[in-house]
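*Asks:* Following the UniProt record's numbering, the numbering of the sequence shown begins with 1 at its first residue and continues without gaps.
Hint data in this document are derived by calculation from the structure and do not stem from the laboratory.
Just so you know, not all the hints are guaranteed correct.
EDC-like cross-link-like pairs, simulated, lysine to aspartate or glutamate; straight-line CA separation at most 20 Å [stated by the list, open to error]:
1) K47 x E100
2) K101 x E39
3) K101 x D91
4) K101 x D42
5) K38 x E74
6) K97 x D49
7) K48 x D68
8) K101 x D49
9) K38 x D83
10) K97 x E71
11) K101 x D84
12) K67 x D49
13) K48 x D91
14) K97 x E36
15) K67 x E36
16) K67 x E39
17) K38 x E94
18) K38 x E100
19) K47 x D83
20) K101 x E36
Label pairs and their computed distance ranges (CB to CB) [unchecked claim]:
21) D42 x E100: 17 to 25 Å
22) N55 x D84: 19 to 27 Å
23) E73 x G33: 16 to 24 Å
24) E71 x Q35: 29 to 37 Å
25) E73 x Q35: 28 to 36 Å
26) G33 x E71: 13 to 21 Å
27) D68 x Q35: 28 to 36 Å
28) R80 x E100: 24 to 32 Å
29) R77 x Q46: 25 to 33 Å
30) L72 x G33: 16 to 24 Å
Given the structure is predicted, the values throughout are model-derived calculations rather than measurements.
Quick reminder that beta carbons are idealized off the backbone N, C-alpha and C, glycines included.
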Amino acid sequence: MVMSRLSIECAEDGGDKSFGVDEFSTLFDEEPGLQEIKETFDVFDQKKDGFIDANELQRVVCSLGLKDGCELEECRRMIRAFDDDGDGVIDFNEFVKFMEKCFC
């Protein structure tokens, strides 16, 4: 289950991994259901405001040991790629679309 694979602490070695759709989809054993997607969104949404901003994304990506994703500007770029309404954050619907892209 993805929840057990997402930790809160940043990996000390930082790793040499990059972060993208392929890397994200490896967090799941199979295509996740809506409940698991919501649980995953809630892990990212640290402020519990219904949005994922670049700082929240950076926290999770860093915790996964994905060195390239630990850069704040890289997190901003990832958000822009899926931010359909251009508000600078990812809402749940945009996150669902991202997840669909991971498994299509």
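*Asks:* Hint by hint, say whether it matches the structure.
*Replies:* Against the structure, the hints:
In summary, the hint linking K47 to E100 is not supported, as the alpha carbons are separated by about 24 Å, beyond the 20 Å threshold. At roughly 18 Å between alpha-carbon atoms, K101 and E39 fall within 20 Å of each other, so this suggested pair holds. Our distance criterion of 20 Å between C-alpha atoms is met by K101 and D91, whose separation comes to about 16 Å. With a C-alpha separation of about 19 Å, the suggested pairing of K101 with D42 holds against the 20 Å cut-off.
For a cut-off of 20 Å, the pair hint linking K38 to E74 is broken: about 23 Å separates their Cα positions. Note on K97 and D49: the hinted pairing holds, with a Cα-Cα distance of about 19 Å set against a maximum of 20 Å. A distance of roughly 25 Å separates the Cα atoms of K48 and D68; the hinted pair therefore is violated under the 20 Å criterion. At most 20 Å may separate the alpha-carbon atoms for a hinted pair to count; K101 and D49 exceed this at roughly 24 Å.
Between K38 and D83 the CA atoms are separated by roughly 17 Å; this keeps the pair inside 20 Å, and the hint holds. A C-alpha spacing of about 23 Å is found between K97 and E71, which places the hinted pair above 20 Å, so the restraint is violated. Between K101 and D84 the CA atoms are separated by roughly 14 Å; this keeps the pair inside 20 Å, and the hint holds. For the given pair, K67 sits about 26 Å from D49 by alpha-carbon distance, which is inconsistent with the 20 Å threshold.
Of the supplied pair hints, the one linking K48 and D91 holds, its CA atoms being roughly 11 Å apart against a limit of 20 Å. A threshold of 20 Å between alpha carbons decides the hint, and for K97 with E36 the separation of about 14 Å falls inside it, so the pair holds. Using a Cα cut-off of 20 Å, the hinted pair K67 and E36 is violated, with the two alpha carbons roughly 25 Å apart. As the CA atoms of K67 and E39 are separated by approximately 24 Å, the hinted pair breaks the 20 Å bound.
Between K38 and E94, the direct Cα distance comes to roughly 12 Å. Compliance with the 20 Å bound is thereby established for this hinted pair. In summary, the hint linking K38 to E100 is supported, as the alpha carbons are separated by about 13 Å, within the 20 Å threshold. Proximity of K47 to D83 is assessed by CA-CA distance (about 18 Å); at most 20 Å being required, the pair is judged to hold. Distance hint between K101 and E36 is fulfilled; the C-alpha atoms sit about 16 Å from each other, no more than 20 Å.
Separated by about 18 Å at the C-beta atoms, D42 and E100 satisfy the suggested range of 17 to 25 Å. Between N55 and D84 the beta carbon distance is about 20 Å. The supplied range of 19 to 27 Å therefore holds. Under the hint 16 to 24 Å, the C-beta atoms of E73 and G33, about 33 Å apart, miss the expected range. With their beta carbons about 31 Å apart, E71 and Q35 fall inside the hinted range of 29 to 37 Å.
For E73 and Q35, the hinted distance range of 28 to 36 Å is satisfied, since their beta carbons lie about 33 Å from each other. At roughly 32 Å, the beta-carbon separation of G33 and E71 lies outside the given 13 to 21 Å, and the hint is violated. Checked against the given bound of 28 to 36 Å, the beta carbons of D68 and Q35, roughly 30 Å apart, stay inside it. With their beta carbons about 18 Å apart, R80 and E100 fall outside the hinted range of 24 to 32 Å.
Here the CB-CB span from R77 to Q46 is close to 20 Å, at odds with the stated 25 to 33 Å. For L72 paired with G33, a C-beta distance near 31 Å fails the hint of 16 to 24 Å.
In summary, the numbered hints that this structure violates are 1, 5, 7, 8, 10, 12, 15, 16, 23, 26, 28, 29 and 30.
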